[in-house]
Amino acid sequence: MIVKILNLILLLITPFLMVGLIRKTKAFWGARKGASIFQPIYDFIKLMKKDSIFSSSTTSLFKIAPMINFACIVFASLFAPMVMGQSIINIQGGLILFAYALGLSKFISLLASMETASSFEGMGSSREACFTTIIEPAFFIVIASIMALCKVYTFDSLNQVIANSGSLGILIIIFAIACLFIMLVVEGARVPVDDPATHLELTMIHEVMILDNCSQELAIISYCAAAKMFLISSLIATLILPLSLPFWASLGAFLAIMILISIIIGTIESAIARLRMSHIFEFVFVMSSLALVVASLVALKLYGV
Amino acid sequence: MNYYVMKNNQRINLLDIPTVNFESLRAQLIATNLRPIAFFGSDWGENIKLFVALADDEKGEILVTSSLIHKSIKEYESITKENSQYHMFEREFYEQFGIKPLNHPWLKPVRKNQDDYEFFEMQGAETHQVAVGPIHAGVIEPGHFRFNCQGEKVYNLEIMLGYQHRGVEDLMVKNPSNQLVESICGDSVIAYSSAYSQLIEALSETKITPRAEIIRRIALEMERIAIHIGDMGAILGDIAYLMGKETYAVTRTLVINTMLEVSGSRFIRGLTTVGGVNFDISADMSEKIISTLDYVKKTVDKMTNAALNSPTVISRLEKTGNISFESAQELNMVGLMARSCGLNIDSRFDFEDVYYKGIERKAFRATNDAYSRFRIRYKEVKDSIKIVKKLLEKLNKLGNQALITTPNCLVQNSFALSIVEGWRGEVVHIATTDESGKISRYKIKDPSFNNWWGLSIAVRNNGISDFPLCNKGFDLSYCGFDL
Chain F
0 MIVKILNLIL
10 LLITPFLMVG
20 LIRKTKAFWG
30 ARKGASIFQP
40 IYDFIKLMKK
50 DSIFSSSTTS
60 LFKIAPMINF
70 ACIVFASLFA
80 PMVMGQSIIN
90 IQGGLILFAY
100 ALGLSKFISL
110 LASMETASSF
120 EGMGSSREAC
130 FTTIIEPAFF
140 IVIASIMALC
150 KVYTFDSLNQ
160 VIANSGSLGI
170 LIIIFAIACL
180 FIMLVVEGAR
190 VPVDDPATHL
200 ELTMIHEVMI
210 LDNCSQELAI
220 ISYCAAAKMF
230 LISSLIATLI
240 LPLSLPFWAS
250 LGAFLAIMIL
260 ISIIIGTIES
270 AIARLRMSHI
280 FEFVFVMSSL
290 ALVVASLVAL
300 KLYGV
Chain Y
0 MNYYVMKNNQ
10 RINLLDIPTV
20 NFESLRAQLI
30 ATNLRPIAFF
40 GSDWGENIKL
50 FVALADDEKG
60 EILVTSSLIH
70 KSIKEYESIT
80 KENSQYHMFE
90 REFYEQFGIK
100 PLNHPWLKPV
110 RKNQDDYEFF
120 EMQGAETHQV
130 AVGPIHAGVI
140 EPGHFRFNCQ
150 GEKVYNLEIM
160 LGYQHRGVED
170 LMVKNPSNQL
180 VESICGDSVI
190 AYSSAYSQLI
200 EALSETKITP
210 RAEIIRRIAL
220 EMERIAIHIG
230 DMGAILGDIA
240 YLMGKETYAV
250 TRTLVINTML
260 EVSGSRFIRG
270 LTTVGGVNFD
280 ISADMSEKII
290 STLDYVKKTV
300 DKMTNAALNS
310 PTVISRLEKT
320 GNISFESAQE
330 LNMVGLMARS
340 CGLNIDSRFD
350 FEDVYYKGIE
360 RKAFRATNDA
370 YSRFRIRYKE
380 VKDSIKIVKK
390 LLEKLNKLGN
400 QALITTPNCL
410 VQNSFALSIV
420 EGWRGEVVHI
430 ATTDESGKIS
440 RYKIKDPSFN
450 NWWGLSIAVR
460 NNGISDFPLC
470 NKGFDLSYCG
480 FDL
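Each protein sequence line maps, in turn, to chains F and Y. The first sequence begins at 0 in numbering that gives the first Met the number 0 and counts up by one. The second sequence begins at 0 in numbering that gives the first Met the number 0 and counts up by one.
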């Protein structure tokens, strides 16, 4: 029970801190002092106090979309494993609920951005939808392969890879992490896929979809984007961390992985340029290839050569 | 050919400029392969006097001619149809005097009546239009960009400018001053104020001291260094290459802060005045400038090496926004952008500026893309650092000289033209005086006037997401165009 409450608290706070830490890392590489890592929390509070303005071309869908988005994220997170590899609700098929709750949140935000009738937001939605169609099957292949390997059809299977496959499991884990990391970069709208820092409406993907949102809606949407990043990171953490760790060690290792992932993302953003739009699709397709490698390795383990 | 041949910064009598029949002028303009630098009208009693200036870059000469068009004439056969270099000039002339060039391929507004204009539209399955502006998302300056795309690919970009209506040319006739001219285009302060000062000095036949001349040129090169470094950072910022963005931004600050110490303004406002300059550069100061520039060069070298060895940067810059040598020539592009396309025009060297004598003009291997636009800035920063050092050397040898020479009165019935190679390209100022010695017409041509159309050509057949990168590479001025 304590772990489950802790998970909920982590879900509410860690996403902000991850974003803050990424920005701090970027500032460090840019030889700047940078804002405090709590800045995203201050920004959230500031935005929550503001009044909303809605474009006259939008309907009520646009107004409720951020709330649906938020509900979907929270719902998805109930099934995602976090500290100690435990999820708040652990049921068979949690994977499908998780993936499609995220899918629904994206669907709603696509609809809402099209509602504004802005030509930029249409472009952003088309790009975002395109990436999702590539990511979704790859994500299923990875997680479902691992479930098949462990013969456990809940998210718990993620931390039983080593136990079920021995040394081959290390390979599986490495490829699965690579896969999830690409998904993290795409869903979190980070470099080299998207650039959250330069506000060029013609090149943005995620940011351009929320051009017409402000105040509380914007605050919630920003939280949701960060929370998605946190959820995928916690999948990665579950893959890495062994089951046998005691509570405190497990919690510490979990947080350490979150910090590490944020620093890695920040460093990548400082070191390389963003990809050309036509190359981003190729980059996202790499995830599919990696997912197939994971599936093949699992098949190798289960059925032999 | 019936022209009057003049030099840069020279005053000539209005009567010396031949007035030719318009038909023969048109035939001459079509036949010549010299590029036009001015084509503008002036109110002349019951006529409109059309002045045309052509640049002969090889000989370093400017050819001036004119024609009288009676106000009852409302149309003429377009020159653009035969020689596309006149396309902007004819549109501007039509807008200012209402004489219509017949069969002009695209006679659309330059600075007026944009609301009545119907934009070019592409139709078909999966085509869409993206309209940006005129209010810019970053609240910079107003400009409207209309993209016709299919999916991510841009088929045509139409750019509409001229939303500011400041009436600069009229203000320059009524009440010309250095303060006004410095505000016309705030990123080319020295280029504009030098062009204006040289023009007034030419019209009044004032000879200023070599010390003042050299200080002006040092400031011009410092402006070039600062803006180029800033732009290199902006180009890398647009492709999310953080390290480059931040490093160049810091380095640029060093350069503009040096100018702050010289003139009290980071953008070098208030340095130039008619008759000379307001601030001196002492021997101590020149030491300081040299040591700053040495450090700047070291940092820029290192950063550029790192950036141009980064595969992700190269992959974004190379083959993005190509514009061919032929297109650049047909569009009459000038300055930095022309040089990045292989057109070797640089008025500092073409028009034999004595203070640039002994400075080597280095060749540039143009690749015509965003990569070329990045590299040419690096090349010009390096060149300009060398030029500043040479100029400082010359300055220190001069010894004490007056900074300001009191200007004489303007000579009546004169025409003068001044070209200054600002960082963006040639800034052309032209003025005529009337019989009482007052300015009767003031004409300004910013390099952006020539180059905006180049941007829309460069974006064609590229991804719409590459537009910001192309735009930063061109880095054209809205206010320099709008006037």
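Derived from the structure by calculation, the hints contain no laboratory data. All residues carry an ideal CB built from backbone N, CA and C; glycine is no exception. Heads up, some of the hints might be wrong.
Between beta-carbon pairs, the in silico distance windows are [as the list claims (entries may be wrong)]:
id, chain 1, residue 1, chain 2, residue 2, range
1, Y, Lys152, F, Val151, 18 to 28 Å
2, Y, Lys385, F, Ile262, 37 to 47 Å
3, Y, Ile313, F, Asn89, 28 to 38 Å
4, Y, Asn304, F, Lys150, 51 to 61 Å
5, Y, Lys287, F, Cys129, 48 to 58 Å
Here are some chain Y residues pointing at chain F (derived, C-beta under 10 Å) [stated by the list, open to error]:
id, residue
6, Val249
7, Ile313
8, Leu316
9, Arg364
| message | Of the numbered hints stated earlier in the document, which are not met by this structure? | response | Numbers 1, 3 and 9, in rising order.
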